[in-house]
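In order, the protein sequences belong to chains A and B.
The first sequence: position 180 = 209 (the working numbering), numbered continuously.
The second sequence: position 306 = 335 (the working numbering), numbered continuously.
Since the hints were made in silico from the structure, they are not lab data.
All figures in this text were calculated on a predicted structure; none of them were measured in a lab.
Treat the hints loosely; a few may be bogus.
Pairs involving identical chains hold if they fit within one copy or between any two copies, as the list cannot separate such chains.
Once the Cα atoms are required to be at most 30 Å apart in a straight line, the calculated DSBU-like pairs of lysine-lysine come out as [unchecked claim]: (1) LYS266 to LYS300; (2) LYS31 to LYS151; (3) LYS116 to LYS251.
There are 2 protein chains.
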Amino acid sequence: MKAINVGLLGIGTVGGGTFTVLKRNAEEITRRAGRPIEISIVADRNLDLARQVTGGACKVTDDAFAVVSDPNVDIVVELIGGYGVAKDLVMKAIENGKHVVTANKALLATHGNEIFAAAQKKGVIVAFEAAVAGGIPIIKALREGLSANRIEWVAGIINGTTNFILSEMRDKGLSFADVLKEAQRLGYAEADPTFDVEGVDAAHKLTIMSAIAFGIPMSFDKAHVEGITKLDAIDIKYAEQLGYRIKLLGVTKRTPEGVELRVHPTLIPEKRLIANVEGAMNAVLVKGDAVGATLYYGKGAGAEPTASAVIADLVDVTRLHTSDPEHRVPHLAFQPDAVVDLPILPLAEVQTAYYLRLRVEDKPGVLADITRILADQSISIDAMIQKEPGEGEVQTDIILLTHQTREKNVDAAIAKIEALAAVQGQVTRLRLEELQ
Amino acid sequence: MKAINVGLLGIGTVGGGTFTVLKRNAEEITRRAGRPIEISIVADRNLDLARQVTGGACKVTDDAFAVVSDPNVDIVVELIGGYGVAKDLVMKAIENGKHVVTANKALLATHGNEIFAAAQKKGVIVAFEAAVAGGIPIIKALREGLSANRIEWVAGIINGTTNFILSEMRDKGLSFADVLKEAQRLGYAEADPTFDVEGVDAAHKLTIMSAIAFGIPMSFDKAHVEGITKLDAIDIKYAEQLGYRIKLLGVTKRTPEGVELRVHPTLIPEKRLIANVEGAMNAVLVKGDAVGATLYYGKGAGAEPTASAVIADLVDVTRLHTSDPEHRVPHLAFQPDAVVDLPILPLAEVQTAYYLRLRVEDKPGVLADITRILADQSISIDAMIQKEPGEGEVQTDIILLTHQTREKNVDAAIAKIEALAAVQGQVTRLRLEELQ
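Full structure from sequences and hints, please.
Structure representation (C-alpha cells):
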C-alpha cells in the first residue's frame, strides 16, 4: 500500500528519536498501520545536522514553510517548540489541509483553542500525545480509555527534572540549590531551568489534561503555578516523619463551584504508588466515577520515549484520516459544540489539606494561641509534631497537618499566626493531597 | 443525532454496572461520542432481575438469540461468560453484521482466532477492553498507545483474587488455605476458586495481551499455567528478607527462539512499583524498545470498573463503525495478513532467574555438594541465606537466588540435589523477574 508522507519540522532530540524509531521499527509499524509511514522531508535551521541524522534517506531543507506547503506531505510533525514560528507553521499547515502531530505543550496550552478551532473548520487532525508525559499514552487514556467516566480529578508528576531534584533532595538530604547544580551537570536540568523548576512546564501539561478531562477550553492563564525553588530540605524530612513524600504535583479537580487548576509542591501519603515514583519518571493518577483511581507511569521525556508518542499519533492519523471528521476522536475529548467554559477556581477558594511549619519560642501559651487562631478559621488539626528545642536553643519547630479547609481560611490564619510575638519569621505552608 | 442501539446479553454484575453507568453518565458520554448510546434491549435468563435493573427503561427478554438477530440492534454486548452459548451468540451476532463488545476473556483466549476471522470477513468490530484488567485501558495502550514500539515483554498482576490472597498472606503471615477461606467469606474469592487460584483466569488474560503485543494468534493451549495453591507462607517471608515480594505474574516475552507465555508465582524486587500493588488491584508493566517500561494500574474487576471498559468500547465502536474496516484498529493490533505464528517456547527452554529453598542436614560438605551441582549445570548464584538450625534441630533451610539460566538446567540440578542424602524432601522452586 502507498506510504503516508510525513514532513518533519525540527531534527533535534525528539526529531532525531522519531527518525530513528520510525526507521528501526518500520516493519513492525507497517504491520500495525497497514501502510508504511515515511518521513519524506525534514526541515531544520541546522542543515548539516539534518543531513547527518537522515543520512540521505529523505530531502532536507532549512525552509520549514516549504514543508507545510509541500503537496506531497500528508502529515506535518512539529517539533520546533515555543509559541513563535511553531504557531505560524502549525496554523499554515492546517490552512493547507495537513494533519498535524505536535509535542508542543507550551503552544497548545496557550494557543490550543485557536489551533483546534482552525483544525475543526478545516477537517484535519491535530494530535498531541507527546505533549504530556512523554511516552505514557495518557492523552489516549483520558480521551478514549476512560470515556465512560465522569472524571473527578487528575493528579500528575509531569515534570521529570523537578521529580529528579526532589528525589535527590530526599535521598541525600541536600538543598534545592545544590541538587540543581548536580542535575545541570548530569544533563537532567537545563542551563536556564526556570520553566521546569518554577512549575511552568508542568502547568502547560496540566492545562491540556484538564481541558480533555472536563471538556473545557485551555485555561493556562488561570492556573496557579508554584515551583520547587523555595522548598526547604527540612520540610521533606518532617513530611517523611509524618508518613508523606513531597512531589511537584499538577492537580486539576472538578468541584461544584468550578475547576481547580494548580501546580505546587504537595505532600502525598507514602503508601500511594505515585508517592514512590522516583528520579526523572512521570506518573499520572486519574480518578473516574466508574473506574475509580487508575495510574499511568513511564518515562516523561527523552528522545525515544517522546518519539514513541509522536509515532503512535502518526499511526492513529494514518488510520483515521480517511474517516469523516465527525467520527474521529474530538481534539478536546468532547464534541466541539459540547465543550463548556466552566470557571477556573481562584486559589483562595480551593479546598485541600495543609502542612504548616512554624518557628516559635518555647514557652507556655504559644500552642494555645496558635490552635485558637486555627479553630477561629474553622481549621481542624489532623496531626502535629512539636520538636524539643535544640541544645541551648529557646526556639523550636511546630509542624501541623490540617484536615480539608479552604485556602483563604489558611491565608487568614497564617497572617494572624505570623503576627504573634512568639512566632519567628514566616509560616511555611505546603498543600497535602490524599489522592484516594 | 440518532442514538446507537445496544443489545445487552446478561444483566449480572457487569451488565448491571454497564446499565447504571450508561444511564448516570449519559450526558457526559454523549458529549464525547457525538450521539447517545442507548441500551434498547436486555436478555437474561432471570427476567425478574432484568426488569428490576432496567426499571422499564428498555425491552427485556429471556431469548438472547432474539437480541443478536434484532434489526434495531447496532452493537451486541456479550456479558454472559464461558465458552458455550456465549460463543454461539457472538458468532451469530457477527454473522448478522452486528459489532460486538465482550468482557469474555475465556472465550477470546480459546476461540479468539475463529471469532476475529469471522469478524474480519464480515467487516464488523469485536472490542474487548473489558476482557483484561477490568477498567484499566491496557488493550488500548498496547494496540494503539505503544504502536511505535517493538514490544519486548508484558508482565502483569491480572487476577485480583490471587493478589488479595498473596497480600493477606504476607501482611498476616497466614497460610494460603486460611486466607482463601477469609477471601471467600468477604466475597473476594468464589465458592469454586479454581479458575482464579490455579492461574487459569490470569492465563486467559495473558494470552490476549501476548497476541496483541507480538501480533501472534491466541495460544492459550501452549501457556504454562501455575497458580498459588502450593505457595508456602515461609517463602513469602524468605523472599522478603532478600528484598523481594511474591506476586502471581503473567509474563509474556519475545525471545529469538520464540515467545514465552507463562503464569506463576514470581519474586519481584520490592523497589519496583508493581511489587507494591496490594489487595485486589491489577497492574500491567509493558516494556517497549522506544518507550522503555510503562505501568498501568487500577481496579481489575467489579461492576463499574469493568463497565468503564465496556462503555469505552461502545464509544469507540460508535465512532469507528462508519469508517471503512481497513482503517480501523486491527483486532490483534496488527493487520490480519501481518499476524505471524511465532512458536511458543516450552517451559524447559524459558530463561529466567530462580529462588530455590532446600531443607538440609547441618553438616560439613552439604553446601559444597549443592554448589557443585549448580555449577555443573552452569547455574550461578546471586544470593544465599543459610539459616542457623532451630534449637534442638539438626536440619536447616538454605535459600538460593540464581542468575538467569534455563529452566531445564534448573530441572536437572534439582533432580540431582534431591538425590543427595543430606537433602530432605523436595526442593521448592520459584521464578524471579527483575522487570527492568
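Checklist entry - Which numbered conditions among the earlier hints are violated in the structure presented, ordered from lowest to highest? => result none
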